[in-house]
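A.B. asks: Chain order of the listed sequences is A and B. Per the working numbering, the first sequence starts with residue 1, numbered consecutively. Per the working numbering, the second sequence starts with residue 220, numbered consecutively.
Source of the hints: derived by calculation from the structure; they are not laboratory data. One or more of the hints may lead you astray.
Claimed, not checked - Stretch by stretch, here's where chain B covers chain A in the computed footprint (C-beta under 8 Å, at least three residues): (1) 52–61; (2) 170–176; (3) 199–206.
Stated by the list, open to error - SDA-like, lysine to any residue: derived pairs with alpha carbons at most 25 Å apart: (4) B:Lys225 / B:Glu267; (5) B:Lys435 / A:Val193; (6) B:Lys429 / A:Asn206; (7) A:Lys216 / B:Asn425.
In this text, a Cβ means the ideal position worked out from N, Cα and C, and glycines have one as well.
Letter by letter, the chains look like this.
Protein chains: 2
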Amino acid sequence: MSAQHKSPPTKYGIVVFPGFQALDAFGPLDILNMLSRSPALELSVIAETLSPVSTKLGSPGGSTIGQSVVPTHTFENSPADIEVLIVPGGKGTRDIEGTQTIVDYLRKAYPALKYLFTVCTGSSLAARAGILDGHEATSNKGSFTWVTTQGPNVNWVHEARWVTSGNIWTSSGISAGIDMMYAFVADQCGEDVAARIAIDSEYVRNTDPKNDPFAKYSG
Amino acid sequence: MSAQHKSPPTKYGIVVFPGFQALDAFGPLDILNMLSRSPALELSVIAETLSPVSTKLGSPGGSTIGQSVVPTHTFENSPADIEVLIVPGGKGTRDIEGTQTIVDYLRKAYPALKYLFTVCTGSSLAARAGILDGHEATSNKGSFTWVTTQGPNVNWVHEARWVTSGNIWTSSGISAGIDMMYAFVADQCGEDVAARIAIDSEYVRNTDPKNDPFAKYSG
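Next comes chain A alone, as it looks inside the complex (with noise of 0.2 Å):
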């Protein structure tokens, strides 16, 4: 089906939590900012409460400074009409006790998307909630062995930028979810609005999915 015959989401959401990765998140988001300059986009930011949430996790060996984002809504009231949830990784995806109430969100939320997007660690999350059983998925490859083994039954794809597994969108680390956001904006708008976004944002992307110059540092 070709791009101007889809219908592309116009209701997003982002999950947020202490430690999550900045990158992860203000990657893909930046491009839907740009897009969302016409037609208009919806997004919700929902972690456990109205808090404002930390990238820095306060841990011994992590960052020492951060920046706080101000949800708009709760794992409670999060919008039932999402259609596009992300799912940012970060050094808090490590905190198993602190994140269970994400992985029970996601769990809940999964079967009323029409995608599911996780970058970086966000896929341990997403593995843990059981949602990539059976899934092709790929992650961050320096944690890429801790990752697989929150997802026992998921077919981990080692070297990969992203991997599309039915309607599930997981990429590599960090900086990858921006080449996946770009490569979905693609899929779902057409190849010229993505062209567009990537030449106001001086991005040069990555297009091919297959190509992962990372792998090879894998942890």
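Guided by the hints, dock chain B onto chain A, whose structure is given.
C.D. replies: The following block gives chain B in isolation, referenced to the frame of chain A:
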């Protein structure tokens, strides 16, 4: 002077304002977040007030979605010992009256800085403050003509991914700020440190400040 003989800055600040471009800020910040794991850094997020600041401007033709970040300081009480100040661009820079307080702040803060960084149309704010007079500088290519009108005494460089002039680093549009920050980290902390963060971020750097694939799209 080799990087190992330098004393890399530890005190950073970033200015935010309504309609700032998310990736202008969070591209470079994500690198600093990772750099800050060791040794520790400090970061001030500086705005007119302490109220959350949205990337969404709300003017016709602009983005219809946005994300809000929480400032830590105001222009009035920002730390006097900030060493590196980052100024993002975005549609908000076009509001000349609304951004006058930023211009005034930059003029006041610049003499105490070790380095000034501007990304994208953030250079228009530094230009209006007179800081760029007599310096070489660059900016967003799609907005280049407009930006140059904001600094008639600046030596604007059209074809450049980023430009360094004295202690002032200015980048091209949006994504270029990422390449510039990697170059800054390489300059200050060593190429090995920059390369390690880029691998961890799975980011393919443009390491040549003169390699500007977007100069041809100038507007």
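A.B. asks: Sort out which numbered hints this structure fails and list those numbers smallest first.
C.D. replies: 4
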